[in-house]
Amino acid sequence: MDSTTETPNIKFDVPIEKSQENLLDQSSKEFELPEHTIITSEDQTQHLSAPQVAQKGQYPHSTDPFEALIEELKRLDQDDQQLASQASLLIGLYRRLWEAYTAKHTTNQYLVKTNQQLRTVNVQLGQERELLERRHANQEALLSYFGQAFDKVRDGIAGVLRDWDGSYVDETALPRGVTSAAVLPSPYAGT
Numbered sequence: 001m002d003s004t005t006e007t008p009n010i011k012f013d014v015p016i017e018k019s020q021e022n023l024l025d026q027s028s029k030e031f032e033l034p035e036h037t038i039i040t041s042e043d044q045t046q047h048l049s050a051p052q053v054a055q056k057g058q059y060p061h062s063t064d065p066f067e068a069l070i071e072e073l074k075r076l077d078q079d080d081q082q083l084a085s086q087a088s089l090l091i092g093l094y095r096r097l098w099e100a101y102t103a104k105h106t107t108n109q110y111l112v113k114t115n116q117q118l119r120t121v122n123v124q125l126g127q128e129r130e131l132l133e134r135r136h137a138n139q140e141a142l143l144s145y146f147g148q149a150f151d152k153v154r155d156g157i158a159g160v161l162r163d164w165d166g167s168y169v170d171e172t173a174l175p176r177g178v179t180s181a182a183v184l185p186s187p188y189a190g191t
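Going by this note's numbering, the first residue of the sequence shown is number 1, and it counts up by one from there.
Derived by calculation from the structure, the hints in this document are not laboratory data. Idealized CB from N, CA, C, for every residue including glycine. Where hints are given, some of them may not hold.
To be verified - Label-pair restraints from in silico Cβ distances:
hint, residue 1, residue 2, range
1, A149, Q127, 49 to 55 angstroms
2, G159, Q127, 47 to 53 angstroms
3, A100, I70, 53 to 59 angstroms
4, D163, Q127, 51 to 57 angstroms
5, V112, R135, 32 to 38 angstroms
6, G126, T106, 53 to 59 angstroms
Can you make the complete structure from the sequences, with help from the hints?
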């Protein structure tokens, strides 16, 4: 394109505000990417220059789709600066949208991972609760069994003492823990 040709009329779906009109007059060099942003698995952001990215063999998700457009924008800036400034504004807006999507996607992955860990912990806690409930029920049953066995032994001892002495002591009138042996006189006391 030479500079004598008229710039085509480009319509944007988004209305251009006054602050955005000023951006159209600025050079597209403001939208160049000085650094690449890489989001690591630890949810930390590292800033690397372009040679460091190429050296590590990693390419950030936030700029990959726009590198070809930025190169084309540089070429277009030499041919038609008005169109280049409008295109740079549009590319800048899409780039910000892409970065927001990437950040939300990373956050979503983190939340999915955390949710899975919480589900695992929930299952483990549920199993532990069931184990404790079974243990509690077993201990209550064992306590009831030993209580019944103790009552049978106490009743048996009281019956033996009644038969041996020949006197009757009402076991139900005695307080719990007091046996008829404590109330009845010892047969050896008189000798």
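Status of each hint after checking the structure:
1. A149 x Q127: 49 to 55 angstroms: Given range 49 to 55 angstroms: violated, Cβ gap about 33 angstroms.
2. G159 x Q127: 47 to 53 angstroms: The hinted range 47 to 53 angstroms holds for G159 and Q127, with Cβ atoms some 48 angstroms apart.
3. A100 x I70: 53 to 59 angstroms: violated (18 angstroms)
4. D163 x Q127: 51 to 57 angstroms: holds (54 angstroms)
5. V112 x R135: 32 to 38 angstroms: The hinted range 32 to 38 angstroms holds for V112 and R135, with Cβ atoms some 35 angstroms apart.
6. G126 x T106: 53 to 59 angstroms: violated (31 angstroms)
Hint compliance for this structure: hints 1, 3 and 6 are not met, and every other hint is.
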